[in-house]
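A.B. asks: Let chain A serve as the given structure and place chain B on it in line with the hints.
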Amino acid sequence: MEKQLSPDEKQEALWQGLLSPKDPQGNDLQFQSPEAEANYKASITRIKDAIQLKEPDRVPVTVFPNMFPFTYSGMTVQEAMYDYDKCATAFKKFVLDFEPDIHWGAAGPGPGKFFEILDYKLYSWPGHGVAPEYSYQCNEGEYMTADEYDLLITDPSFFFRNFYLPRVFGALDGFKMLPPLTSILEMYGVAFSFIPYGLPPVQGTFKALFEAGAEALKWAGAMGGVDGELATLGFPNILGGFTKAPFDTIGDTLRGTKGIMLDMYRRPDKLLQAMEAITPIMISMGVGAAQQTGNPLIFIPLHKGADGFLSDEQFEKFYWPTLRKVIVGLTDAGCVPLPAAEGGYSSRLKIVKDLPRGKTVWMIDQTDMAKAKETLGQNACLLGNVPSVMLSVGTPQEVRDYAKKLIDTAGKDGGFIMGNGSFFDHAKPENVKAMVDFTKEYGVYK
Amino acid sequence: MSKELVKAIADMREEEALKLVREMVEGGSEPMAILDAAREAMTIVGQRYDEGTYFLPELMLAGEMMNQITDIVKPEMAKLPEIERHGKVVIGTVEGDIHDVGKNIVSFMLDVNGFDVLDLGVAVSPRKFVEAIRDFQPQVVGLSGFLTLAFDVMKETVEAIKTAGLRDEVKIMIGGGQVSEEIRKYAGADAYGKDAMAGVSLAQKWVGAK
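So the protein sequences, as listed, match chains A and B.
Residues in the first sequence are numbered from 7 upward in steps of one, following my numbering.
Residues in the second sequence are numbered from 28 upward in steps of one, following my numbering.
Just so you know, the hints here were simulated from the structure itself, not pulled from any lab data.
In this text, all values refer to a predicted model and were calculated from it rather than measured experimentally.
Hints may contain errors.
To be verified - Here chain B is said to cover these stretches of chain A; the calculated rule only asks that three of the stretch's residues, wherever they fall, bring their Cβ under 8 Å from a Cβ of chain B:
(1) 142-153
(2) 254-267
Unchecked claim - Under the rule of at most 25 Å between Cα atoms (straight-line distance), these lysine-lysine pairs were calculated in the DSS-like manner:
(3) Lys46(B) with Lys434(A)
(4) Lys212(B) with Lys434(A)
(5) Lys377(A) with Lys46(B)
(6) Lys356(A) with Lys221(B)
(7) Lys276(A) with Lys46(B)
Even for Gly, the Cβ is constructed at its ideal location relative to N, Cα and C.
One chain only, chain A, in its complex shape (with noise of 0.2 Å):
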């Protein structure tokens, strides 16, 4: 019988893998200097060592973007989202040009065709109800309704397709005429769950599925290969997928803001079941990205669990128990989930540290990093804060100012990469260069 791996063995491997990169076709990666193989290992060294809550030779720095590689280049959002190429030539650009130590990859701005191919409705981007020089933004609604609950915890795969997808991609109504895959079961009855498979609408669902895939596969093209070239420069992409807390995932594009609010009084049981129904799929969803991609680490973006949208009660009894499974589920796969605290997380703090020490790493906006080290920092591994306000319209030395006082305080003894807090589309260049040299110069551990 095979051995099980340990949760730490399955995270050893994966950083192993990422410290012997192979090309595309499965051979050892071909550096192209032997300082950017150096500089390539030290950095995912530096990182994997950040996270461990040991001390690395310095603070590791990075810059996790939304659209600011783009607007860097002087290429406007819908430029980055039409044209694959250009979009990783910009970001090709912003790595080499500000030497992060780690990047995040250029997927950021997604394939504008595809969502046209299959008449994405969940968003506005440029073009498509905002501006061409605007970022992509969500269009809230109800795309699932109150007294759907029930459907949702019986078969989320079967809501998903029948009910959701269609009211999110106009391309995909079809699927709404598709029977449950689990009718699939004997030669008796076998062909009846076919048959819709033969009619016009679904038929047209299936073509436009053809044609969005061969774009995804085109955009994805070029995305790979821009990573693939940064690695031969020494550059890793740390970023090995995304999933989702349970809450949120209700509650920002299901039920809505309003709505799972709502549902929090209004039924609150049947949330509370959702959000357990959903939560071995929001494990899975990490831990397959994480094996596709040989990338231990999942961002988890956090967005209504902030300061000021619940109590703390409220918190601990809706948002912080699935959150908190999906975590210790990824982080038994081996996996290092990366949740990112947008907005303020003072009150959170003390809850959200209940967590296996120096296997997460926790992207801290708004909240003060020095008591976010003295609670969550003792179990995570912290990385932020720098304001994006401060990016934007603050000076240069205000930035080297304020990092200094990050490195003095969160940077303490290992355990925190230095960064920005939240994520933006503009700031000003010289600022976000002073943040990553005063790291590399002031941020060396002695």
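C.D. replies: Showing chain B alone in chain A's frame:
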């Protein structure tokens, strides 16, 4: 009964509150008295939010209860009563940004706190703000924005108001997402509010209401 109603709404007992309203309507209560009770409850909700015992779910549910109560009471009245307003506010999410959850809460809280609110919606251009200020003549303008792009657009909007010669006619408050005191200075606004009640307090201060 209206005391019970105030308490039911303020304590987030939705079903009970709506049942009480129906009973009061059937029992011949003055529609105005019911609405007054609902408004009194909204003030308590606002206070509890301000104190940090209530959060967004309670504001959302309070808004829902208010709408439902108005719907029940409306057919009983020739027209909805004009309540005394402290002042007028024009509010909107700035151009390029379509986030409205926070802005809607501020709108609602201003409304239940006695302001006449003109909500221009999302992605509102500087020109639209200027036109709305001319037509509606508010004392207060609220600019909302979630994205970093909003910093520049807020600045442009304040400048457009200035260019139109209206800057001295209004006080401008900003809020949302990463917006902070630094952005207040950058945009040239009069104040930044960290949440809905901060917005209400600013507006009250500026129009001299208590």
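A.B. asks: Now tell me, hint by hint, if it's right for this structure.
C.D. replies: Hint by hint, here is what the structure shows:
1. 142-153: With 3 residues close enough to chain B, the hint holds.
2. 254-267: Three-residue rule met by the region 254-267 of chain A, so holds; n is 3.
3. Lys46(B) with Lys434(A): 57 Å, violated
4. Lys212(B) with Lys434(A): 17 Å, holds
5. Lys377(A) with Lys46(B): 47 Å, violated
6. Lys356(A) with Lys221(B): 23 Å, holds
7. Lys276(A) with Lys46(B): At roughly 23 Å apart (the allowed maximum being 25 Å), Lys46(B) and Lys276(A) satisfy the hint.
Of the numbered hints listed earlier, those contradicted by the structure are 3, 5.
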